[in-house]
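Novice: Listed below are the residues making up each chain.
Number of protein chains: 2
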Amino acid sequence: MKTAVQAGKPVLLEHVRITDGFWTDYLKLVREVVIPYQYETLHDRVPGVEPSHAIRNFKIAAGEEEGEFYGFVFQDSDVAKWLEAVGYSLAVHPDPELEQRADEVIDLVAKAQQPDGYLNTFFTIKEPGKRWTNLTDCHELYCAGHMMEAAVAYYRATGKRKLLDVVCRFADHIADVFGTGEGQLPGYDGHQEIELALVKLYQATGEEKYLKLAQYFIDQRGVEPSFLVEEWKKRNGLGHWSPVPSKNPPNLSYHQAHLPVREQETAVGHAVRAVYMYTAMADLAAYTGDETLLAACKRLWNNIVHKQMYITGGIGSTHHGEAFTFDYDLPNDTVYAETCASIGLIFFASRMLRLEARSEYADVLERALYNTVIGGMARDGRHFFYVNPLEVWPKASRGNPGKHHIKPVRPGWFSCACCPPNVARLLSSLGEYLYTVSGETLFVHLYIGGEAEVELDGGLSARLRLESALPWEGKASLELSLPSAAAFTLALRLPAWCSAPHVAVNGETVDVQACVRDGYAYIERVWSPGDRVELTLPMEAQLVRSHPQLRANAGRVAIQRGPLVYAVEEADNGHGPVSSLVIRKDAPLAARFDPKLLGGAVVIEGQAMAEEEAAWSGGLYSAAEKKATPVSFKAIPYYLWGNRGEGEMAVWLRE
Amino acid sequence: MKTAVQAGKPVLLEHVRITDGFWTDYLKLVREVVIPYQYETLHDRVPGVEPSHAIRNFKIAAGEEEGEFYGFVFQDSDVAKWLEAVGYSLAVHPDPELEQRADEVIDLVAKAQQPDGYLNTFFTIKEPGKRWTNLTDCHELYCAGHMMEAAVAYYRATGKRKLLDVVCRFADHIADVFGTGEGQLPGYDGHQEIELALVKLYQATGEEKYLKLAQYFIDQRGVEPSFLVEEWKKRNGLGHWSPVPSKNPPNLSYHQAHLPVREQETAVGHAVRAVYMYTAMADLAAYTGDETLLAACKRLWNNIVHKQMYITGGIGSTHHGEAFTFDYDLPNDTVYAETCASIGLIFFASRMLRLEARSEYADVLERALYNTVIGGMARDGRHFFYVNPLEVWPKASRGNPGKHHIKPVRPGWFSCACCPPNVARLLSSLGEYLYTVSGETLFVHLYIGGEAEVELDGGLSARLRLESALPWEGKASLELSLPSAAAFTLALRLPAWCSAPHVAVNGETVDVQACVRDGYAYIERVWSPGDRVELTLPMEAQLVRSHPQLRANAGRVAIQRGPLVYAVEEADNGHGPVSSLVIRKDAPLAARFDPKLLGGAVVIEGQAMAEEEAAWSGGLYSAAEKKATPVSFKAIPYYLWGNRGEGEMAVWLRE
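Chains as they are written, first to last, in my numbering: chain A, 23 to 677; chain B, 23 to 677.
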């Protein structure tokens, strides 16, 4: 099974400094706007934004204030995600004032922990007798997982153990409560998250019990009789979200609990839960060498990326349950494609990459990152898409209830703030997704400019400096600082979007075809200090088509250039409905950097035929032919759409 | 305002005998299968069909049995619709046994009437103290309206007054309860129906108070302060459909109560309620000469047929509220297009036609009738579509929750049996939609073969015999039997689907262009006994396109031949997804009668390019071009789709 090379372990965030022209803007935005803004919202201090009450909940649970719990049952996780983002930010950008704030929040969280290690403000304040009675709905272990991720990030950045100790005690408590032993609850959470968090806790502490607990949650899921169904019976059908008992047991597929995970063939149910779970499965497969688990991961990966993923790296075809539907069902205008789900897909991809150095994982990671994830955030860092459609008609968003979830512009921070803090934590930890090391091989997965210090087997350490013109130009160079000449392998990802990659070392062309394997060019040599690798990845604007089974895109093309998918917006194309444009495939597509467009971006211009509304003589239906005139059209990167007011947008255009 | 000729009053059902080859099958099916089957379901005697309990409810309310109310709050209307269909059936096809059954049901209904005239089994049995407290949800006046329609139909067919007297007493009671006077309820029903029924009751009895009551309901609707909102406040937000009080007042647009009816500009809300209301508005405009009401009818008509109607005559773009959405929003795959709504559109069209002899009304009536309405019923008379989609992918109906309402084959009788009895009552009264008389002009609106006796002004009576080859061939002839030669005008509808109609009287060509007005050829002459009119309406299979604003159909064509819209089904086209077909507009479309196809039908065969899935080398997305090979395709009439098992279907095909 494991014939592929393992890409190994990531070069950790604290050893990577991003100085890339494209990305530093985003990292700065997260650091200077998103994290402070989120801190203020958690403290209910942003005028016009619905109070979060998240910090107040902790104060009440800690006995510092009187009051009632307020917010979603998973409100605690907003505090955790903020702390996690702060941890990543501090790892690369020390900020004593921010650290002081975080320490105060951590003190508060610690104070809210119960004597037995339990930590959850909803059940502490509001339903103290009902701990662990509704795993299906109540996100108790989900919130625990987020706090664990935060603790690990903060510990790694600052060396401070306070929050780590809190979550270890909580994890120990959870390990007592859950399991298949006498007197234990044979359960698992309705919303996966703790599984991957426990792996991180194991990595940070070396405590094997946390890895085993993660494994327990993964193994127990989907086992018959279903814990979620039994639990529902015990509650007499009462749930958290409805005041009346439900006649129907929970939808197990929604929770990926319909089958033991190793028997799952296709990605189903709530997309975020699914990819969080697959991430943990891949983690566990890496640590345990469990081949059945690895096989399940590969099956589920293949199902997603070859049958259920939008070209933007979005996943989740329906807003009903924010869920996957079925193979090739990828409607552009009723899509969900939650920002969080693409972030989870990046987690999954990064874990698969550690198991197998196959560039497809990094290709998908890049696709999700450059399109859906950064598209999820407005240029001001204060407005976010939860749903990332590929086709928008603003009137339909308002006037057709089946499209109410499709927003034509990014709304402000929601009371359910899952996506914004998720974007913040992903972007502030971006450095950790660039490189991995396996034995004496250093893998370069993403061409994001900056510096990194890496340790290879045999005590070899190197410092490398990457310069990149991506995503605007397909050029990158890598300079190595070594204490002395050393033999090792540099494995460079050759992106699938580039058909003619060129690599040179110190000006000498490398025979890429001779050294490529699974999408990586393996350059094995004795490297000297100052050696310089140049990559040229010619980037043509291309028309992309979809698999014939993907009915929604029949007769349509999308435009892609390098990692970026493009969108046509009404703002640039005043020819009536976007649907009236027919792309001329014979005409060239011209790429041009427009410095004025939303921070500067390469736009694509091409030729189309535009059907003229004025020339239409029929009513609603007519045998008349449509008249079309040649027009130029302009497409902008998808991640920038919806930043210039309301208008129509489409990724897939008629050809 | 009233510049158009009025097409006047319908030639009543009892004076029309349909002998048409196409339609007699349907009428026979309704008579021999649907009505008896419905009778059995009402009596809970059909194995495998959820009990209706409708007759039992009446027995309980009448004191004949003990028990609880069961079924929808509007369950009574199923009994009423059955009686109405029976009335129409008996008018043209006497059947003593059926009449005996109906008399028994009527006896039961009469017995369930309360001493004050009130009649509703739900409130009589289940909530006796709560009459008229929830007009928004509870369909009390709606059920009353259906019983009135039944009574009028039965009285007209049999001359028996029993049910008519029952509903008159009920209407008198309603007139006492409702109104703007002291101690009256200033209300109206959440589901319009009684308005048009009261007009019929006026027509049958000559009692002006019923017309005035109809007018009151129409005039009061949408008046501020909103009755429905005030009622909701009085109920403290409690509704019929949810056990918990609603924080939001009723959605007034859903009920077409957001504005006074004369101020309504576009069709909004629940489509069936809308068209039932517009029907009554047109009726009232005819009787009262109220020009503001007529103007509203015209605006709403134009909005529907020029901006919100499917090519099949379906209306209602969303299943959320079974409702209209907004102009040009006509998605084919998430559509609602309820059978009942198209029936209501036929009611509205027939009333507009009486006001104005403009063929557009009859064109739309014909479109809805030949496509959506008869398509709503399976060839066995026991399975029905409520939703009539224009594009079906059976996997999506199961696998995408946004399309669960789209059924790939007709389900059996539902517990909510609104559509099947509605089809039954429409088809059994079909004769009444063919002709109208205005002064000395006889209008022929639909070319459905049969005989009719008509009375024109001046005591002139004529007997006519129409033979028609529609919808398969564009030929019809009309023979007149007159007591003696007489001068009058025959106005023949020239359907919009025919570009070169030809009319001859006794073999002599009529100069149609010289005598056409608003789509009718007015042939004014002294007619002699035995005169014969021949119509030739050449019927080409045509490719039809949509208005450029109708985004869902951009780049697509539909096939229409005569009144029939065509659909391409997987059963006839084994080239992979229907979406892989691209119609060649340069290739001819051939029409051929296939006697084996579901009772015999003209199929259309043409040429297309089919994209080959086997030749696709890419994965989900690729810059590869698609290979296509020329294939023949076959389309069948839309009304026949879904009769050969599950498969893909599409009306709009890529061009």
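Simulated from the structure, these hints should not be mistaken for lab results.
A hint or two may mislead.
Negatives, chain A to chain B, calculated, CB over 12 Å [as the list claims (entries may be wrong)]:
| no. | residue |
| --- | --- |
| 1 | P271 |
| 2 | R485 |
| 3 | N528 |
| 4 | Q535 |
| 5 | S602 |
| 6 | Y643 |
Reference listing, derived: stretches of chain B covered by chain A, where coverage requires no fewer than 3 residues with Cβ under 8 Å from a Cβ of chain A [stated by the list, open to error]:
| no. | stretch |
| --- | --- |
| 7 | 442-456 |
| 8 | 628-639 |
Nothing here was measured: the structure is a model prediction, and the numbers come from that model.
All C-beta atoms in this analysis are idealised placements derived from N, C-alpha and C, irrespective of residue type, glycine included.
Novice: Indicate, hint by hint, whether the structure satisfies it.
Specialist: Going down the list of hints, with the structure as the test:
1. P271: Given a closest Cβ separation of 18 Å, the condition holds.
2. R485: Holds, since 37 Å exceeds 12 Å.
3. N528: Non-interface label stands for N528/A: nearest chain B Cβ at 33 Å, farther than 12 Å.
4. Q535: holds (20 Å)
5. S602: Incorrect as stated: the minimum Cβ-Cβ distance to chain B is 5 Å, not above 12 Å.
6. Y643: violated (5 Å)
7. 442-456: violated (count 0)
8. 628-639: Holds, because 4 residues of the stretch 628-639 of chain B bring their Cβ atoms closer than 8 Å to Cβ atoms of chain A.
Taken one by one, the earlier hints fail for this structure at numbers 5, 6, 7, listed in ascending order.
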